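*Asks:* Spelled out from the first residue to the last, the chains are:
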Amino acid sequence: MTQLALVIDLNVCVGCQACVTSCKEWNTSGIAGYLSDDRPYDADPTGTFFNRVQTFEVGEYPNTQTVHFPKSCLHCEDPPCVPVCPTGASYKRAEDGIVLVDYDKCIGCKYCSWACPYGVREIDEHQKVMKKCTLCVDRIYDQKLPREERRPACVMACPTNARLFGDIHDPDSAVAVAIRERGGYQLMPEWGTHPANHYLPRRRTEIVIQPDELVRADNPLKVDGKLPKPSLKEPALDDVTSW
Amino acid sequence: MQPAFSVIFLTTLIGAGQGLFLALYTVELYSLFEFLPAQPGPAFYAPGTALAFALLALGLVASFFHLGRPERGWRAAARWRTSWLSREVIVLPAFMAATAAYWLAHWADWREPSVALGAALTIAPSVAIGAAATVLAFALFLCTGMIYACIKFLQEWATPLTVANYLMLGGASGFTLATLFAGRTAPELVPFLGGWAAVLTGIGFLTRAASLARNAGLKPKSSLQTAIGVKHPRVVQTAQGFMGGSFNTREFIHGRTRAFLRAIKWIFLVLAFPVPIALLGAGVAAGSSTLLAAAFAAQYAGLLAERWFFFAQANHPQNLYYQAIA
Numbered sequence: 002m003t004q005l006a007l008v009i010d011l012n013v014c015v016g017c018q019a020c021v022t023s024c025k026e027w028n029t030s031g032i033a034g035y036l037s038d039d040r041p042y043d044a045d046p047t048g049t050f051f052n053r054v055q056t057f058e059v060g061e062y063p064n065t066q067t068v069h070f071p072k073s074c075l076h077c078e079d080p081p082c083v084p085v086c087p088t089g090a091s092y093k094r095a096e097d098g099i100v101l102v103d104y105d106k107c108i109g110c111k112y113c114s115w116a117c118p119y120g121v122r123e124i125d126e127h128q129k130v131m132k133k134c135t136l137c138v139d140r141i142y143d144q145k146l147p148r149e150e151r152r153p154a155c156v157m158a159c160p161t162n163a164r165l166f167g168d169i170h171d172p173d174s175a176v177a178v179a180i181r182e183r184g185g186y187q188l189m190p191e192w193g194t195h196p197a198n199h200y201l202p203r204r205r206t207e208i209v210i211q212p213d214e215l216v217r218a219d220n221p222l223k224v225d226g227k228l229p230k231p232s233l234k235e236p237a238l239d240d241v242t243s244w
Numbered sequence: 387m388q389p390a391f392s393v394i395f396l397t398t399l400i401g402a403g404q405g406l407f408l409a410l411y412t413v414e415l416y417s418l419f420e421f422l423p424a425q426p427g428p429a430f431y432a433p434g435t436a437l438a439f440a441l442l443a444l445g446l447v448a449s450f451f452h453l454g455r456p457e458r459g460w461r462a463a464a465r466w467r468t469s470w471l472s473r474e475v476i477v478l479p480a481f482m483a484a485t486a487a488y489w490l491a492h493w494a495d496w497r498e499p500s501v502a503l504g505a506a507l508t509i510a511p512s513v514a515i516g517a518a519a520t521v522l523a524f525a526l527f528l529c530t531g532m533i534y535a536c537i538k539f540l541q542e543w544a545t546p547l548t549v550a551n552y553l554m555l556g557g558a559s560g561f562t563l564a565t566l567f568a569g570r571t572a573p574e575l576v577p578f579l580g581g582w583a584a585v586l587t588g589i590g591f592l593t594r595a596a597s598l599a600r601n602a603g604l605k606p607k608s609s610l611q612t613a614i615g616v617k618h619p620r621v622v623q624t625a626q627g628f629m630g631g632s633f634n635t636r637e638f639i640h641g642r643t644r645a646f647l648r649a650i651k652w653i654f655l656v657l658a659f660p661v662p663i664a665l666l667g668a669g670v671a672a673g674s675s676t677l678l679a680a681a682f683a684a685q686y687a688g689l690l691a692e693r694w695f696f697f698a699q700a701n702h703p704q705n706l707y708y709q710a711i712a
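Protein chains in written order, with our numbering: chain Y, 2 to 244; chain D, 387 to 712.
It is possible that some hints are incorrect.
Claimed, not checked - Using 27 Å as the maximum straight-line C-alpha spacing, the simulated DSS-like pairs for lysine-lysine come out as follows:
no. : chain 1 : residue 1 : chain 2 : residue 2
1   : D       : K605      : D       : K617
2   : D       : K651      : D       : K607
3   : Y       : K129      : Y       : K111
4   : Y       : K145      : Y       : K111
5   : D       : K607      : D       : K617
6   : Y       : K111      : Y       : K93
7   : D       : K617      : D       : K651
8   : Y       : K111      : D       : K651
9   : Y       : K106      : D       : K617
10  : Y       : K129      : Y       : K145
11  : Y       : K106      : Y       : K129
12  : D       : K617      : Y       : K111
13  : Y       : K145      : Y       : K93
14  : Y       : K111      : D       : K538
15  : D       : K538      : D       : K651
16  : Y       : K93       : D       : K605
17  : D       : K607      : D       : K538
18  : D       : K538      : Y       : K145
It should be emphasised that the hints constitute simulated quantities derived from the structure, not laboratory data. Note that the coordinates shown come from a computational prediction; the quantities given were computed from them, not determined experimentally.
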């Protein structure tokens, strides 16, 4: 069974918001209608977004790390937002695991947003229906697009390749390998939602140097004349020790 | 959560309507078994049932104000297999229909026993309809409570006490209203209904106090650490991704101070429980409709505050992601 998902590498995300703007650009231009904004150039701007990039500071000064954290619908494998929907507008596709909202059935009761612990559903204040990330379902299957462009807009836009897209149930896919080999994890595992989107943790880049790598332990070629000389009674471990 | 007045009015109005119907049917059952003097049929039951129906209808109207697309509201009956909200959408009109049938049975004065229950017992149609409506009334309390209790990560709500509170507080306000109503139409019933109203209010106080005590000791399961998956004791948000508001900040954050919440809590603890019990006692003793009206008004106002507090107290885990603007 296919489960499409994003894998987001927090180690390389630089918080540039390119995924936010490209997501908004693509999804406000589609057949499903615009993603409404209000007062975009005034004091209190607001709008509907599928994707937000937040910033967190981890640690105590001076040992701090700034973590940029892109957040969108995680397309849970056991999505709590779907069974609570009274109309069936909120559903999870069997064929690829994408959680979607049928904008023509949604009554705008907001109950699904209450039932999502991650706060990734946003109501459109003008169309009055619930909206959320579609994994660019109108891009990824579009036969008219070149094959390399059949990816979500945010993935295409990411300049550091922090966003990987693929089928996490296919063990050979790049996303499954990344989760497996680079410590991919899920958000709020305590609620049993099994998010399909995974995050790759920050990794500190450091060189591991053992003390014996700094101090010369032996000197088989007798450079600089410092030969570790065993005593005469001891057997020589190599063939070059001489006395 | 940001309390929505549409839902506050919906739940308090239908709760009082359900309670009022249950009070009327309790009187009919007690009369049937001759624990109470038989009531004049159409003069007592029919207007009372009409009042209960009106409360339910008002609640239904209030619920539409919660919908972004009220014209599609009929679709909400589709997913009753999984959604408690969908179940409520079905049970509320069903209960209203049963209430209407109960009203019709009393208005047309069908009091002759004509529904046979086995060989020995034959009951009036109104009793049979009332039994069905009673089942639906309890089912509606269950649906309303479970809408909130089934969201497991809203820990303040995810408890059987939520259902118990909807049941007891709806029942209490309905019986208080029934006492007031009996004061006008059947004064001999006032001590009986007033007594039950006080008992239900007392039990409601116990269940609500129990949920307050439970919630005071709750430990949130989610933290910023689990929310972003960074295992470090000190994680602080420095930006939430936008400078203005969003649906996430408007819907889930009430923006009131702790002191305000505490004040609302004490207001409802006083207005919804001891004040109505005292006014009921005084009203029954003095035979005063004014005092009984004051009892219901105080209790309903208290329950509005209670419902506001119920929503405001629920701390949604998504708020972890919205703690700093920039």
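*Asks:* Which of the listed hints are not met by the structure?
*Replies:* 4, 7, 9, 10, 12, 16, 18
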